[in-house]
Each structure stands twice: as C-alpha cells, then as structure tokens.
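If you want the building blocks of each chain, they are given just below.
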Amino acid sequence: MPSGGDWSLYRGGAIFIEGAERLTLSDGLFKRLDGNAIFLSGWNRHVSILNNEMVFIGDNAIASWGKTQVRKKTPPPLCLCAVS
Amino acid sequence: MLDYRWITCMCYIENLQGEFWYDEAAQELYVWPNTTSPDGNHAGATGAAAGGPPAVDLVVPVLQTLIRFKGTAKAPVVGVTIQGVNFRDAAYTFMERFGRHGHTQRLTLLMIIVSRSAACYLLRAARCLLLLTPVLTYSNCFLVHWSVVIQ
Chain Z
6 MPSGGDWSLY
16 RGGAIFIEGA
26 ERLTLSDGLF
36 KRLDGNAIFL
46 SGWNRHVSIL
56 NNEMVFIGDN
66 AIASWGKTQV
76 RKKTPPPLCL
86 CAVS
Chain S
39 MLDYRWITCM
49 CYIENLQGEF
59 WYDEAAQELY
69 VWPNTTSPDG
79 NHAGATGAAA
89 GGPPAVDLVV
99 PVLQTLIRFK
109 GTAKAPVVGV
119 TIQGVNFRDA
129 AYTFMERFGR
139 HGHTQRLTLL
149 MIIVSRSAAC
159 YLLRAARCLL
169 LLTPVLTYSN
179 CFLVHWSVVI
189 Q
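Keeping their order, the protein sequence lines are chains Z and S.
Numbers in the numbering used here are just positions in the first sequence, counted from 1, shifted up by 5.
Numbers in the numbering used here are just positions in the second sequence, counted from 1, shifted up by 38.
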C-alpha cells in the first residue's frame, strides 16, 4: 500500500462507526479527545449527528471517509513520492 | 499532547502547555499542564495562588476508541441511538500510521506544516462523502477548538 502522504487520514476515532444504519448521536459533549472525535468509515446509511458540542478536539471533529474497492491482483499504481 | 517536534529525535520540554516528556532512564515524568479549560477559566489558578503547583487534574488516556460500531452493508448495525452521553479524554492518535503526524515525524518542520493543511483533508473526504456516504445529517453541532472539520 503506498503511503498516504500528506493526504493521509487516520481511520479511527473516539466514536468509530462503520457499517451502521439509522444511527443517531445526539445531545452529547465531546471533550478533549486527542484524535478524531466521530469517524464515519466505509458504508453507512442515515447516520444523524445532532445537537452535539465538541470542544478541544485534537484532530477532526467529524470525519466521514468511505472505502474504494481495490483489486488485489492489480499492481500498485505508480506513486511519485517526494519522501521515501 | 505529545511534543511532535522531534527534529533531533530528542523529546524535551518546550515552552508550550500540554507537553510532557518521560525520562525512562531516570523514571521521571516532566509535565507542563495545560491549565486552560474549554470554558476559558484557568483551572490551576487557585493552587498557584497558594504557592503550590497548579491544581489540575492529570488524565492519562488509554483508549483511542471509546465506542466502535462495526457492521457491514449486508449485516449493518441498525437503529442505535446514543443520546445525552458525554465523551472525553480519548488517547491521541497523531503518532499512529497515517495519523496527522505519524508519517512525518522524522521529516522537516516544513513538511509537518504542509501535512497539517486543512484543504487536503477536506478535498479527500468530500470526494469520499459524495461517493460512498450519501445520506448524512449534521445539524446544530457546536464545534470549538477543533483542528479540521470534514463534512
């Protein structure tokens, strides 16, 4: 897997949600979380994040990041990296 | 927050609150506590006025993930509601692989600054959001002192 480089994102968070449907996070206080607070990963449907307060979050407050399908037999694409 | 400016691979106390360094050889922990609270008050003011160290609560976070929902498109987690629950003091993740600084810790300060650019994260997440997570609702969220918000 090539390096994510400067575009990379850590796939994780204090509340990690993947493969959820009709999930609701509401009326909560997210405080001093030294990473992503809420991370929506991959496949999710109808997730609601309502009336929350987030303070002193180290990374993203809310991050949503899907996944792309990668064929295993496909050679990795040419990656020009300035940093080895 | 850990000091990530390991330019010389030496982690030492700088002049910023919130930094710490553990001297493994001497088994001593150096802490510069961050005494500012999210409410704007200085939590350690009373202790410092009495001549002692600031009366702050030191928290050692252990867990990076407090709750993990893990389902699939065929067998999703359905219908969960978490209401009125507060979460705080999760462990830092920026030293992990693909964390915000994990892959750049040995690089120059310039590269670290580049990696913290908000635009990169925003572009990537926005593209993924449109393709793979089409139905999301964020409403009435109050965000203070965040680094980057993706939506």
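It should be emphasised that the hints constitute simulated quantities derived from the structure, not laboratory data.
It is possible that some hints are incorrect.
Unchecked claim - Derived DMTMM-like pairs (lysine to aspartate or glutamate); straight-line CA-CA distance at most 20 Å:
(1) Z/Lys72 x Z/Glu58
(2) S/Lys112 x Z/Glu58
(3) S/Lys108 x Z/Glu58
(4) S/Lys108 x Z/Glu26
(5) Z/Lys72 x Z/Asp32
(6) Z/Lys72 x Z/Glu26
(7) Z/Lys36 x S/Asp61
(8) S/Lys112 x Z/Glu26
Claimed, not checked - Listed next, with one range per pair, are the computed distances between beta-carbon atoms:
(9) S/Glu66 x Z/Arg50: 33 to 39 Å
(10) S/Val123 x Z/His51: 29 to 35 Å
(11) S/Gly122 x Z/Arg27: 14 to 20 Å
(12) S/Gln65 x Z/Ser53: 14 to 20 Å
(13) Z/Arg50 x S/Val100: 27 to 33 Å
(14) Z/Leu34 x S/Phe58: 33 to 39 Å
(15) Z/Asn56 x S/Val98: 46 to 52 Å
(16) Z/His51 x S/Tyr60: 23 to 29 Å
(17) Z/Asn56 x S/Met133: 30 to 36 Å
(18) Z/Glu58 x S/Thr103: 16 to 22 Å
(19) Z/Asp32 x S/Ala111: 41 to 47 Å
(20) Z/Arg50 x S/Asn124: 41 to 47 Å
(21) S/Val98 x Z/Arg50: 45 to 51 Å
The C-beta atom is built at its ideal place from N, Cα and C for all residues, glycine as well.
Holds or violated: 30 to 36 Å for the Cβ distance of Z/Asn56 and S/Met133?
Holds - the Cβ-Cβ distance for Z/Asn56 and S/Met133, about 32 Å, lies within 30 to 36 Å.
Lying within 41 to 47 Å: is that true of the beta-carbon distance Z/Arg50 to S/Asn124?
This hint is violated: roughly 26 Å between Cβ atoms.
Would you mind confirming whether the straight-line C-alpha gap from Z/Lys72 to Z/Glu26 stays at or under 20 Å?
Holds, at about 16 Å.
Is 45 to 51 Å a correct range for the gap between the Cβ atoms of S/Val98 and Z/Arg50?
violated, 37 Å
Range agreement (Cβ of S/Ala111 with Cβ of Z/Asp32, hint 41 to 47 Å):
violated, 28 Å
Starting from the hint 23 to 29 Å, judge whether the C-beta atoms of Z/His51 and S/Tyr60 obey it.
45 Å Cβ-Cβ, so the 23 to 29 Å window is violated.
Z/Leu34 paired with S/Phe58, Cβ distance criterion 33 to 39 Å
violated, 25 Å
With 27 to 33 Å as the target window, see if Z/Arg50 and S/Val100 comply at their CB atoms.
holds, 32 Å
Are the Cα positions of S/Lys108 and Z/Glu26 separated by 20 Å at most?
holds, 11 Å
Pair hint outcome, Z/Lys72 versus Z/Glu58 [Cα-Cα no greater than 20 Å]:
violated, 28 Å
Is the straight-line distance between the alpha-carbon of Z/Lys36 and that of S/Asp61 20 Å or less?
violated, 28 Å
Pairwise hint evaluation, Z/Glu58 against S/Lys112, where the allowed Cα distance is 20 Å at most:
Outside the cut-off at roughly 32 Å; violated.
Consistency note: the structure conflicts with the earlier hints numbered 1, 2, 3, 5, 7, 9, 10, 12, 14, 15, 16, 19, 20 and 21.
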